[in-house]
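Visitor: Here the protein sequences come in this chain order: A and B.
Read in my numbering, the first sequence has 209 at position 208, and its numbers run on one by one without any break.
Read in my numbering, the second sequence has 564 at position 136, and its numbers run on one by one without any break.
Don't read these hints as lab results, they were simulated from the structure.
A portion of the hints provided could be inaccurate.
Claimed, not checked - Partial list, computed: chain B residues near chain A (C-beta under 7 angstroms):
1) L518
2) A533
3) T536
4) V577
What the hints assert, rightly or not - The calculated label-pair distances, taken between Cβ atoms and stated as ranges, are:
5) A:W288 x B:K646: 17 to 23 angstroms
6) B:V694 x A:P187: 46 to 52 angstroms
7) B:Y590 x A:F188: 47 to 53 angstroms
8) B:V603 x A:H196: 26 to 32 angstroms
9) A:P285 x B:P685: 44 to 50 angstroms
10) B:S642 x A:G194: 40 to 46 angstroms
11) B:G608 x A:I205: 37 to 43 angstroms
12) A:G140 x B:S642: 18 to 24 angstroms
13) B:P685 x A:A298: 52 to 58 angstroms
For every residue, glycine included, the Cβ atom is placed at its ideal position computed from N, Cα and C.
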Amino acid sequence: MNPITVSPARLRAVEVVFWLALGTSFFLLPDKLTLMSQIMIFGLFAVSLDMALGYAGILTVGHAAFFGAGAYAAGLLAKHGWNEPFSGLLLALLVCTALGYVLSYLVVRGADLTRLMITIGVCVLLTELANRLTPITGGSDGLQGVTIAPVFGAFEFDLFGRTAFVYAYCIVLVMFLGVRLVLRSPFGLTLRGIHDSRRRMLAIGSPVDARLRMAYALSAGVAGVAGALLAQTTQFVGLESISFNRSAEVMIILVLGGTGRLYGGLIGAIIYMLVHDWFANLNPEFWMFWLGIFLIAAVMLGRGGVMGALSRFVKIGRAS
Amino acid sequence: MQIVIFDGVAYGMLLFLIGVGLSITMGLMNFVNLAHGTFAMVGGYTASALMNRFGVGFFPSLAAAFVAAASAGAVLEFFLYRRLYRAHPLDQVLLSIGIVFVSVAVFTYFFGPTMQPFTLPPILDGRVSLLGFEVGRYRLFLILCGVLVLACLLLVLGKTRYGAMVRAAVDNQRVAGGTGIHVQRLFFLTFSLGCGLAGLGGALSLGMLGLEPSFPLKYLVYFLIVVCVGGAGTITGPFVAALLVGVIDVAGKYYLPEAGAFLIYVVMIIMLLVRPNGIIPRKGLA
Chain A
2 MNPITVSPAR LRAVEVVFWL ALGTSFFLLP DKLTLMSQIM IFGLFAVSLD MALGYAGILT
62 VGHAAFFGAG AYAAGLLAKH GWNEPFSGLL LALLVCTALG YVLSYLVVRG ADLTRLMITI
122 GVCVLLTELA NRLTPITGGS DGLQGVTIAP VFGAFEFDLF GRTAFVYAYC IVLVMFLGVR
182 LVLRSPFGLT LRGIHDSRRR MLAIGSPVDA RLRMAYALSA GVAGVAGALL AQTTQFVGLE
242 SISFNRSAEV MIILVLGGTG RLYGGLIGAI IYMLVHDWFA NLNPEFWMFW LGIFLIAAVM
302 LGRGGVMGAL SRFVKIGRAS
Chain B
429 MQIVIFDGVA YGMLLFLIGV GLSITMGLMN FVNLAHGTFA MVGGYTASAL MNRFGVGFFP
489 SLAAAFVAAA SAGAVLEFFL YRRLYRAHPL DQVLLSIGIV FVSVAVFTYF FGPTMQPFTL
549 PPILDGRVSL LGFEVGRYRL FLILCGVLVL ACLLLVLGKT RYGAMVRAAV DNQRVAGGTG
609 IHVQRLFFLT FSLGCGLAGL GGALSLGMLG LEPSFPLKYL VYFLIVVCVG GAGTITGPFV
669 AALLVGVIDV AGKYYLPEAG AFLIYVVMII MLLVRPNGII PRKGLA
């Protein structure tokens, strides 16, 4: 099948339509707003993982460490008196970027296997830490009593999730545009270069390790914002938000959508959460079984997820 | 305190038994196999089902566990793992996570989510006096098993032609293939052997760790720690690391119960920083 050629202007129109369609779900799906918020939050989380995994090429199955850290940071800030939602996001961003930067010194060194181990190790270590510090984090019961003040002092977080949806939508859109800006900047091009051929990047004098560390730190920050959003919109932080299972789940979402492509995380999150919701009444074992089968099939058959498949049918450029 | 160390050593032996197969396959095939716990689980459930439902004795069940896990490994290697040896580590990780999920679901379906009941055979029950201390017989048996397996593996790898082929393929796969070693068949055999050992370890863990369907996920980190901290591709590396992990974990949980498993993760990170290729790295990496 011949690929269709799409001009860049038309592509931008498609993007705008995509975001508008997401936004109109506010009017079209008034009962499913909580689900839509969660879809966008996990989409942002997957996009952040893509920064580290798809663009910087750092194999990590421990990214939930930052997601959970952001969630706990925002939750604790709200619980201890300062309810303003945007400050919670800012705190999560700063804390997780700092944490990501510190950890990047552990992660951006050594072989793939060591790196994988360290990321898993940090994730379970933080899970265990959150579990043990029960007086602070609530342990396995989760952090409760998180109340968020109204956005801009006017829009209260209501039971139907309307404010939550608009809040999450706007923040996710802003963060996504920020990530896009970073990835299309010269910094992003360096990352792509490192991914393609690390040795040549070193040869032209690019400080490869420093770039990878920065990418990891930024990815951690964005994941932290996603976590903070979850904490603020659900007004609860559970232990599973920092767990290995969450890391594996976001990796599945990203692979489903396609790594190394801007919209991969979002598409993956939409499909995964909708299918999960559809089968919500299923026994958890059956869900795990089919998820495993899907993973095995995806690895053996598909290459590049949904976006990868799309890229084989649609090319960007001038129509000849 | 000696009892704590003894228990730690026994626990370490168990981790070694399960982890040594992972070390060989990771070092030999360069395949990140997070599903190694699944094969241990297969062995454990085989032994448990044989003992509980069919009344088979303990030692024959151990042998059956080895065979069952080795067969499972052989089948999966033939159909799935074989195609991904040259693939990106991400694909390998995803495949193994998929296998873990499927296995957890299947075993929950057939055996239920609760821990399997286990009764010690009379010969291994109770305590025996060793160097003036009263030690559990089962833990002593575990330690003996671990040392025996270590000795056997070192003998096989060091003195047999098969062992020489494995060592050659671990050191440099391409050249080994160039000298005429049938690398594919070697992988197949070694992977099955590794999985069989894991199955044996899984069956032995019935009495010490308890077997439930989430076993592969619960203990995944411990096996990976043993292999990565010890050095993938060697036998003695994981042995040392397993002893270290076992003793530190048991001692940590005994003396500092609030810290829990926290201690072992910190130790792991420190060890990986100090020696990123493992305590005893394989040749060509140190």
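Visitor: Against this structure, judge whether each hint is valid.
Guide: Right, here's what the structure says about each hint:
Given the 7 angstroms rule on beta carbons, the hint for L518 of chain B holds: about 6 angstroms separates it from the nearest Cβ of chain A. Interface restraint check: A533 of chain B against chain A, minimum CB-CB distance 3 angstroms, threshold 7 angstroms, status holds. Taking 7 angstroms as the C-beta cut-off, the interface hint given for T536 of chain B holds, the closest approach to chain A being about 4 angstroms. A least Cβ separation of about 24 angstroms between V577 of chain B and chain A goes past the 7 angstroms threshold, and the interface hint is therefore violated.
Evaluation of the 17 to 23 angstroms hint for W288 of chain A and K646 of chain B yields a pass: the beta carbon distance comes to about 19 angstroms. Under the hint 46 to 52 angstroms, the C-beta atoms of V694 of chain B and P187 of chain A, about 38 angstroms apart, miss the expected range. The hinted range of 47 to 53 angstroms is satisfied by Y590 of chain B and F188 of chain A, whose Cβ atoms lie roughly 51 angstroms apart. In this structure the hint that V603 of chain B and H196 of chain A lie 26 to 32 angstroms apart at CB holds, the actual value being about 29 angstroms.
Between P285 of chain A and P685 of chain B the CB atoms are about 31 angstroms apart, so this pair departs from the stated range of 44 to 50 angstroms. Under the hint 40 to 46 angstroms, the C-beta atoms of S642 of chain B and G194 of chain A, about 42 angstroms apart, fit the expected range. Judged by the Cβ atoms, the range 37 to 43 angstroms given for G608 of chain B and I205 of chain A holds: they are separated by roughly 42 angstroms. Between G140 of chain A and S642 of chain B the Cβ separation comes to about 20 angstroms, which falls inside the hinted range of 18 to 24 angstroms.
Distance hint check for P685 of chain B and A298 of chain A: the Cβ-Cβ separation is about 44 angstroms, which falls outside the suggested range of 52 to 58 angstroms.
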